[in-house]
Structure formats: C-alpha cells, structure tokens
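Fit chain Y to the known structure of chain E by using the hints.
Number of protein chains: 2
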Amino acid sequence: MADLPNEVEIQEEGPREGFQIEPRPIASADKIRLIEALAQTGLRHIQVCSFVNPRLVPGWADADDVAAGFRPAPGVHYVGLWFNDKGLDRALAHSDRLTLSGSIALSASDAFTRKNLHRSHAENLEAMRRQTLLHLSKNVPVRRIGVMAAFGCNFQGDITPAQVISALRDGFRIADESGVTIGNISLSDTMGWATPLRVEKLLGEVRSRWPHQQITLHLHDTRGLAIANAMAGLRMGVTKFDSTVGGLGGCPFAAHKGAAGNICTEELVLLCEEMGISTGVDLDALIEVGRMAEEIVGHQLPSELLHAGSLNSLRSKATGVH
Amino acid sequence: MADLPNEVEIQEEGPREGFQIEPRPIASADKIRLIEALAQTGLRHIQVCSFVNPRLVPGWADADDVAAGFRPAPGVHYVGLWFNDKGLDRALAHSDRLTLSGSIALSASDAFTRKNLHRSHAENLEAMRRQTLLHLSKNVPVRRIGVMAAFGCNFQGDITPAQVISALRDGFRIADESGVTIGNISLSDTMGWATPLRVEKLLGEVRSRWPHQQITLHLHDTRGLAIANAMAGLRMGVTKFDSTVGGLGGCPFAAHKGAAGNICTEELVLLCEEMGISTGVDLDALIEVGRMAEEIVGHQLPSELLHAGSLNSLRSKATGVH
Chain E
1 MADLPNEVEI
11 QEEGPREGFQ
21 IEPRPIASAD
31 KIRLIEALAQ
41 TGLRHIQVCS
51 FVNPRLVPGW
61 ADADDVAAGF
71 RPAPGVHYVG
81 LWFNDKGLDR
91 ALAHSDRLTL
101 SGSIALSASD
111 AFTRKNLHRS
121 HAENLEAMRR
131 QTLLHLSKNV
141 PVRRIGVMAA
151 FGCNFQGDIT
161 PAQVISALRD
171 GFRIADESGV
181 TIGNISLSDT
191 MGWATPLRVE
201 KLLGEVRSRW
211 PHQQITLHLH
221 DTRGLAIANA
231 MAGLRMGVTK
241 FDSTVGGLGG
251 CPFAAHKGAA
261 GNICTEELVL
271 LCEEMGISTG
281 VDLDALIEVG
291 RMAEEIVGHQ
301 LPSELLHAGS
311 LNSLRSKATG
321 VH
Chain Y
1 MADLPNEVEI
11 QEEGPREGFQ
21 IEPRPIASAD
31 KIRLIEALAQ
41 TGLRHIQVCS
51 FVNPRLVPGW
61 ADADDVAAGF
71 RPAPGVHYVG
81 LWFNDKGLDR
91 ALAHSDRLTL
101 SGSIALSASD
111 AFTRKNLHRS
121 HAENLEAMRR
131 QTLLHLSKNV
141 PVRRIGVMAA
151 FGCNFQGDIT
161 PAQVISALRD
171 GFRIADESGV
181 TIGNISLSDT
191 MGWATPLRVE
201 KLLGEVRSRW
211 PHQQITLHLH
221 DTRGLAIANA
231 MAGLRMGVTK
241 FDSTVGGLGG
251 CPFAAHKGAA
261 GNICTEELVL
271 LCEEMGISTG
281 VDLDALIEVG
291 RMAEEIVGHQ
301 LPSELLHAGS
311 LNSLRSKATG
321 VH
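Same order as they appear, the protein sequences are chains E and Y.
Note that the working numbering gives residue 180 to position 180 of the first sequence, counting from 1, and the numbers run on in steps of one.
Note that the working numbering gives residue 210 to position 210 of the second sequence, counting from 1, and the numbers run on in steps of one.
Looking at chain E on its own, in the form it has when it is part of the complex:
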C-alpha cells in the first residue's frame, strides 16, 4: 500500500458553501456562531463568506456583516471567496481579519465554463489574466491555480487528465506572464464524477509534470464516492482538502436537485485520524458543531458520522480489553 501522509490540512468551507444554498435565509448571527464554534475545534483554515452579487446569491447578501462580525481566534486563518474586482474590493475592506489570496480559476470543461460563467475558455483565460494583475496591483498575492470539473462535467461528460493538464498549462502561462509564483494546484470534482482510479490517474499525471506543487482536492459527495476518492488522494500523498462540516452545501447544477454537497469534514477527519494521519481537529468537538449546523439550517445534513458519533467516544466507554 502507498505511504500515507503524516498530517493533512483541512480548509473548512461549510459556512460559505452551506449558507449560499439553503432555501431559507440564515441569520448573520447564526453564521457567525458557526464560524466561531468551528474555530474552537482545531480547524485552522475557515472560509467564512462569499463576496458575490446579492442578486445572484441572496444567501450572501450579508457577507460584509459576517466578515466584520465574528471574533477571530488566534492561529486561525479566515478566508473569503470572490469572483471579480467588486468582490475583491469588498474582501479588502476586511483585510484585518481575512487572509487574502487570489486564484487563477479555470475549468477543464469548456461546456461548464460557458454554462457557469457565460464565457468561452479563451475569454475566461483573458479574464483570469486581468484578475491576476488586478490582485497584484492591490498587493493581494496569487498563489494557486484551481481547475473545476477536473474529473467530469454534467454538460460535457467525462474529462480526461489531458484536458486538466491543458487547463493547468494555461494557468501556469498566465502566472508566468504575470510574474506570480504558484505553490498550489486545486483539483475540483465539482459535479461528482471522480472515482478512486480517476483520482489516482489524474494525480499521477499532474505530479509527474509539476512535482513540487502542493495539491488540494476539493471533492463533492454528489454520488456518495467522495470519501473513497479522498482515500485515493491520501494514498497519492495529497495533504490538503476542502470540506464542509456536516456536509453542508449541496449542488446547484442541473439534474442534481437534492444531491449532496462537499465531502463532510468530520468523516474526512475520522478517516484520517483513525489511520494515524493528524488533522489537528478534535473530532468530538467538530461533531458538536455539526449538530449546531443542523440546528441552524433546520434539517438533517448528509453526514452519517454526525448521527452515529465518534469511535473515541465509544472506546472510552467500552468494557473490553484492547
């Protein structure tokens, strides 16, 4: 079996992903309560909000209130999300509490770029080039290339590693031309097309070309395979994952109404910790926060672990000899 990493870094995206998709409005105070509770679990990277157009994403009309409202905990990095200059300017207003860093965000699927961004791939490259220079002009570093739909796309079907490599090459070209140094490649299974074998194949291809880049996996559990895909990533030495507590969030894309969202943080933490991979997270504390998240959204979340409880809580009560 492949060597597993000693530790992984988890970026918790529950607040941002979760609250943009809930059908009923969530009070800013509840969003803040969740963010503050997450910071007490040992998570060190929390995405707190999305600076998007409130007409497009009403759930984040209060992004500025949330970003300004939570009490930052020492040692925790809080990040926001934005897609354009207006969003960046809003994020900059909170640079005292948010860690600001830009991304060259591409998609391996032209059909997805057209559907999601209403741009051709070439137009998107041009937009990313402009956005990279804009970030630099405002002293916000750009260190990451993200590739969405890296395993498949509802609108285009299967995506090959070659298509992802091609998108990454485009991203590195923009980085070179803009004079920025990329340190992280983020591969997203945006619509739940990955399998463990596809993860291994793609990671192998990316690694062989860019051996010194850190790789992040952003996995969705749309079809229930996210945890198996995460395991495949761990086997390939991936040390960075995005996830959401309770599996907060969902899938806004056509044909996925009611489908699950991101891989669930507590199940990822369980997988890692039970195999000796350190996450820095107190799992029982995180499960409590997952229960708080369910209470806030007012419905059951996809996490199974949330409803079963951790193994350590049972170990401490077990009567047997270990």
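Take every hint as true, because none was put in to throw you off.
Since the list can't tell identical chains apart, any single copy or any two copies may satisfy a pair.
Simulated pairs of lysine to any residue, SDA-like, Cα-Cα distance not exceeding 25 Å: (1) K86 with A105; (2) K115 with R315; (3) K201 with S313; (4) K201 with I277; (5) K138 with E126; (6) K86 with R55; (7) K115 with S316; (8) K201 with E7.
Quick caveat, the hints were computed from the structure, so don't treat them as lab data.
Same frame as chain E, now just chain Y:
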C-alpha cells in the same frame, strides 16, 4: 495500485435489513413489490425476509407471506435469514423458491455476543455446533463462516485481526467436527468501525491463513466510510459484497440512533462499474428501485446517488467530445 477484480457479486439485503428497522409497518404487498423490482435490475442474489420471532422483530411478522408471495424471476437466487431451529423450519417451508444455506455465525467481540445473543462465546460455539448438525439433518448445506464485529465493537472497542482469526479458527473447528466444507468467509463491520487500512490488514491476515476461501464483506455506513472500505476490499481482490438498495436499514445498536445502515447498493455498483468492474446490474434501473424504496418507507434514504442520478444518464445527454 493493486489489481481490481473483473467482476463482483452483490447480495442485495435491502428488503430484509430495511424492513426490520422501519418504525412504521410496511405492507407485505410493498415488500413483494420491492423484491420483484430488484430482481429486474440484474441483481442475482436477493435476501427477501427474516424468519425471526415476530415479538422481537415485528417488522417481519409477515415473513411467510412475503416468502410465499413474490413471483420468482429466473436466474435469481432468493435467500432468507434465520437464527434458530424454528426459523429454519419456517424457511424450509419455502424451499421451492428460497435457496437455503446455513452459516456458522460468530462474533469477534465477546461483549457483542453477550449483548446481542445473551450468550458467552463458548455457549455460542456450542449453539453453532448444534445448529450446524441440525442443518445437515435437514439437508441444508452449511458453507459459510460469518464473523460479526470484525473491525470493532461499541461494547468492546477495537477488535484486532488476531481476535477475528481466533473466531474463524473456532468456526473451522466446528465445520471440521461436523464434516462440512466451508467455501466462504463473511466479515461484517457490524457497527461501523472499519477503515480502509483495517480492511487491508484484516483481509491480508485472513488470506494468508485461508488463501482459497472466498471472502464476503458486509459493510455498514454508520460513520460514512463504507464506500472507502469497499474500495479497500476491491483492491484486496474481494469479489462478494452485501449491500442494501438506497442504504435501506439502519443500526439497531445503542448510541447509533438515526445512524446509517448497510453500504448502499447503487453507490457500490457505481464505484465498480465506473472502474470497469462488472456487477451485472443496470444502474439506472436500480436507482429507480431505490426511489420506489423511498416511496415505500415514506422518507429519504441515505443514498446520495439516488438523489443525483447516474453518470451514464448524463453522458448520454452531454454535448462535449469525449
């Protein structure tokens, strides 16, 4: 990466597992409807009912009606479950339509045997010895040793491979003494303690001692890791899995109220088929049956795939070049 098998055999246990745990009564006609629909999906092994004491499991008070009521499809093996001589006699009354076969059923956790069966391990061995002879006296073959709680136990904590090996040795001793030939070892993660590494370790230990036995994995998704554990089993060459459509069922054990049940058949089929492992199952047809199961039980089932739909259904509509 390890070689994966070319094909796997899935035993669908949704009707039996699912309907014993639902809080409200399920009509016999609905149980039969589900069984008949499952048989049209390409599944070749379906566990249809449990011949248990109706006072203990009211959900199966109608086991005889269900066993007598469904229309068997050609080429499909239907099985039942029983735990004692009374149950076996009831099953024998349906030997024209059920494939009858006995098991030496043990647990790797003494604490679980006491809690679940109200017997010591030694008493359980004695009961299994009697039951094996009883099966033989009625011309019902005994070909399998099953070990419950093979990865961990809520009452005893972690279970080591050595404890499972010890239970298996006890089972093979009973088989030898009774003159039966075992062909299958079934390892159950009854309470959701397995991880991919534990699966690999245990399978390695079992394989090295009994290299010619077929191994079945019976996985529960109590903490969301079942599909990653199944993947670990596939990597180790496991070709037989138990599962339930939609993830029907649940966990009757203390501290797991509301927890998930077995690994979900359609997600297991997706995992296999997307990696080129043949299951014989028409996934889109199975997803339709999963939706029927949700309608019958009257609530959402744990399966994510059920709510997202298959990849093939999207591939056929995708506009992109593959």
